[in-house]
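Using the hints provided, position chain W relative to the given structure of chain X.
Those sequence lines, one after another, are chains X and W. So the first sequence is residues 23 to 580, counted in my numbering. So the second sequence is residues 486 to 737, counted in my numbering.
Take the hints with a grain of salt, since some may be wrong.
Here are a few chain X residues that sit away from chain W, every Cβ distance over 12 Å (derived from the structure) [claimed, not checked]:
no., residue
1, Pro175
2, Leu361
3, Val371
4, Ala430
5, Leu444
6, Asn489
7, Gly492
8, Gly504
9, Ser511
10, Leu526
11, Lys576
SDA-like, lysine to any residue: derived pairs with alpha carbons at most 20 Å apart [what the hints assert, rightly or not]:
no., chain 1, residue 1, chain 2, residue 2
12, W, Lys510, X, Ala47
13, W, Lys510, X, Thr29
14, W, Lys510, X, Asp44
To be clear, the hints were calculated from the coordinates, so they are not data collected in a lab. Source: prediction; values computed, not measured. Cβ coordinates follow ideal geometry from the N, Cα and C atoms, glycine included.
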Amino acid sequence: MSEFAATEDDAPAAPAGAGWDDVPAPAVAPADGRTPVPSARSIRRYTAQVARRRSGAGIGEVLGDVYYAVVISAIGLGVALGLAGQLRSTLPHVPDEALRSGISLPTVVAVAAFVVAGVVLSLSARLGPVGAGGAEATWWLGMPVDRRGLLRPASLRLPIASGVIGGVVLALLDGGLLADHGVGHVLRLGGTAALVCAGLALLAGHLQSRGVPRRATALAGDAVIGVAPVLALAAALAGWRVAALPDVPWWLLVVLAVAVAAAWWWLDNRLGRIRGRDLRESGSVATQAAGALVSLDSRELGRALSDSAARPRRRRVRRMRLVRGPVSAVVVADVTVLLRSPRHLVQLVVSALVPVVVVITPQLAGVVGVILAVLVSGYVGMLATGEGARRAEMAPIVDRLLPMSATAVRRARLIVPGAAMLLWSAVAFAAVGRWEGEVGAWLLLGVVSAPVWAGAALRAAYRPSPNWEGPLVATPMGALPGGVAAVLSRGPDVAVLGMVPVVLSVALGTVLPQVVVVQAAVSAIALAVGSSTSTKTMMERMTDMQETAEAEKKRAGR
Amino acid sequence: MLAARGPSVPSEAPAAVRTLLPVSKQPVIRAVDLLVGYGGEPVCAPVSFTLPPGKALALVGANGSGKSTVLRAVLGLLEPVGGRVEVLGRAVDEREVGFRTRVSSVLDDDAYFPALTVAEHLYLTARGHGVQGADAVVGELLDEFGLTEHAGALPVALSSGQRRRLLLAAGLVRPRSLLVLDEPEQRLDVAMRDHLAQRLVEEKRAGGSVLLATHDPELLRVVADRAVLVADDQSRLLSTADAVEALRPGVL
Chain X
23 MSEFAATEDD APAAPAGAGW DDVPAPAVAP ADGRTPVPSA RSIRRYTAQV
73 ARRRSGAGIG EVLGDVYYAV VISAIGLGVA LGLAGQLRST LPHVPDEALR
123 SGISLPTVVA VAAFVVAGVV LSLSARLGPV GAGGAEATWW LGMPVDRRGL
173 LRPASLRLPI ASGVIGGVVL ALLDGGLLAD HGVGHVLRLG GTAALVCAGL
223 ALLAGHLQSR GVPRRATALA GDAVIGVAPV LALAAALAGW RVAALPDVPW
273 WLLVVLAVAV AAAWWWLDNR LGRIRGRDLR ESGSVATQAA GALVSLDSRE
323 LGRALSDSAA RPRRRRVRRM RLVRGPVSAV VVADVTVLLR SPRHLVQLVV
373 SALVPVVVVI TPQLAGVVGV ILAVLVSGYV GMLATGEGAR RAEMAPIVDR
423 LLPMSATAVR RARLIVPGAA MLLWSAVAFA AVGRWEGEVG AWLLLGVVSA
473 PVWAGAALRA AYRPSPNWEG PLVATPMGAL PGGVAAVLSR GPDVAVLGMV
523 PVVLSVALGT VLPQVVVVQA AVSAIALAVG SSTSTKTMME RMTDMQETAE
573 AEKKRAGR
Chain W
486 MLAARGPSVP SEAPAAVRTL LPVSKQPVIR AVDLLVGYGG EPVCAPVSFT
536 LPPGKALALV GANGSGKSTV LRAVLGLLEP VGGRVEVLGR AVDEREVGFR
586 TRVSSVLDDD AYFPALTVAE HLYLTARGHG VQGADAVVGE LLDEFGLTEH
636 AGALPVALSS GQRRRLLLAA GLVRPRSLLV LDEPEQRLDV AMRDHLAQRL
686 VEEKRAGGSV LLATHDPELL RVVADRAVLV ADDQSRLLST ADAVEALRPG
736 VL
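Just chain X, same shape as in the assembly (with noise of 0.2 Å):
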């Protein structure tokens, strides 16, 4: 027998766990001695001060960029007070009986925070909750440390980041939208939500310590967000209400506090226990999703969340059987790339459900909330059936296969955004109907509307990359550059003005026949526009034209 065969005969290994010390030290060196292993906090400090260095960042650098942050986030935090103010300004009065019916806006905000506990879970998982990408895990990962010491500052970016947004919008929501507390209780609301969040990323943490995959973590929060606008629904037939958020009490804040800072002692005990494979997964997708949120690419960003939660194989293999040509092959590949994404089909359900929580919600059905909810919720609807167009701008591999033409095959792909958004039209605008009290004329406006959708998902998805080269714009939060906003303004644009007839009926309160006659024509152009290949800007295009007109008459000229 060969000495490099092995056999089942041959001793199994030390028991799990057996330490390494009666194992021989390494062979072989580069040197004859050995000084004592650095600690992992240093090695993390070295690689983090020559960056620094090199970067030429001194204090003064410092201290600007954390002026500008604290500026822009005052400023963001202010505007954001006034929208909610203006909002609640803009609610229609309601008498006391007709608050009695449907669901409080206490309600509606506790069904938010709801939502906002799932998403927190959802994309801490997503996003990590601890991991080491790149450079780190190349170089950092094979050291012989603690990982502990490298890992401490990643374990801990999620739980505050959590805890900031998740305290933020929840003191928003209780100052701005409901304003009927007063600053003490808007204070312990939000620290309650900033610590609940920050646990909660914290427990995802946990969960990758103990081996749990993380797309079973992602799900369950997709799942806790499914089920808020259900609960919502459930107790408005059940008469169940919340007449106004609870006051929490200061000793549950300390109590809170002292769970979340257990919690993440508990946690960083265990990051020397996470594998670290995961550790690379994780890293892997925030740094894809920090260089997508930092070139200001949704479009990369959705792929780096979705393919964090991702099923690594399938048990079934579709056949392809209701492939019958080419336009039907991309539509099936449109849908099963939807319906392999659980987090756009929860997107897609929940946006549906939103305008039904607003009309029944009687402090929102006002003509203001119901424009912002049919526009807002069907834009977030929109985006999750457009992932099929999206994953085909990134990589036309179907495509490419198919013998269709660039324009044919962004018809074919307005066919399942478009049957996407027709249902959930069905949903909104029965809603609308009913709250109305003429649900025939509105699911004729919703169903005739539904393609503006469409077209507003294809221009989104393939809309071509930001452009830095543009002008700066100033803004009041900082300078901006023109080309990105004219980029990211495609696909939207599509959705406001196609809207327009919609918002316009809504703001009438009746849904007039030449409305509805303009709104097909609308949205004939709307497909229009999503099945165009042209990737300039109508200014661009204005511009060629000029310098071509120019061309032409120094020709004749000549």
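Only chain W this time, still in chain X's reference frame:
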């Protein structure tokens, strides 16, 4: 503290290769019916092999046959679908400091700290592993891998071949009992491939073990003592000569 307790360096060994201990008889790797894949789905037939100390074993096979996947399972970066794999008599667990102290790997990771220079990457690795005289060791390796002129360069300024050399140098700048290399010949010129082959021979002579996946017949011939053909239907042990033959065009 790991002192120089073993025999002194052979006179022909490069300065950056020191034997620390007498060669142990315990197998460095033992894989028994090791089945690897993704999501519970195997990508190749089970592999069984033992890698004795001071020897080199090559994994050969067609593109996508599963060589890199086997390497990842040996390094603990992938949960085996079936079978077992041990390194130095312990079940593979890269979370153990003892494992990371003894196993060095160079995979196809093309990731670098953008602000750290070539030399700083090597210093980080050497000092992180407690290498004494890191300055001299890093200097020798930079010279050996033709990176001295680029010691102060950031990774973004390197060619892909130079970045590959940096990764290989990083795998050798630290102590190890086992060196795992995934197609180390990639992006290297002929001279550097020859040098790498000689370097790996010295590694074996100094008592280190090498597990590598390769498509390079010359590297295989010079370095490997045996090879494992990784394939869909049946994976099997081959002599080096048979493995070289298997790498000829049209055979795999």
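> Taking 12 Å as the cut and beta carbons as the points, is asparagine 489 of chain X off the interface with chain W?
Replying inline: holds (23 Å)
>> If we take the beta carbon of valine 371 of chain X, is the closest beta carbon in chain W still more than 12 Å away?
In response: holds (27 Å)
> Per the stated criterion, does the least C-beta distance between proline 175 of chain X and chain W lie above 12 Å, as a non-interface residue requires?
Replying inline: Fine: 15 Å to the nearest Cβ keeps proline 175 of chain X off the interface.
>> Please verify that the nearest CB of chain W lies beyond 12 Å from glycine 492 of chain X's CB.
In response: Glycine 492 of chain X is indeed farther than 12 Å from all Cβ atoms of chain W, at 26 Å.
> Are lysine 510 of chain W and alanine 47 of chain X close enough, with their CA atoms no more than 20 Å apart?
Replying inline: holds (14 Å)
> Since leucine 526 of chain X was said not to touch the interface, does its Cβ keep a gap of more than 12 Å from each Cβ of chain W?
Replying inline: holds (51 Å)
> Beyond 12 Å from chain W, beta-carbon-wise, is leucine 361 of chain X?
Replying inline: The claim holds: leucine 361 of chain X sits with its nearest Cβ about 19 Å from chain W, beyond 12 Å.
> Does the no-contact call for leucine 444 of chain X survive, Cβ to all of chain W over 12 Å?
Replying inline: holds (35 Å)
>> If we take the beta carbon of lysine 576 of chain X, is the closest beta carbon in chain W still more than 12 Å away?
In response: Lysine 576 of chain X clear of chain W: closest Cβ-Cβ about 45 Å, beyond 12 Å.
>> Quick check for students: does the CB of serine 511 of chain X sit more than 12 Å from each CB in chain W?
In response: holds (32 Å)
> Given the proposed pairing of lysine 510 of chain W with aspartate 44 of chain X, does the C-alpha separation stay at or below 20 Å?
Replying inline: holds (14 Å)
> Taking 20 Å as the top limit, are the C-alpha atoms of lysine 510 of chain W and threonine 29 of chain X close enough?
Replying inline: holds (17 Å)
The earlier numbered hints are all upheld by this structure, with none contradicted.
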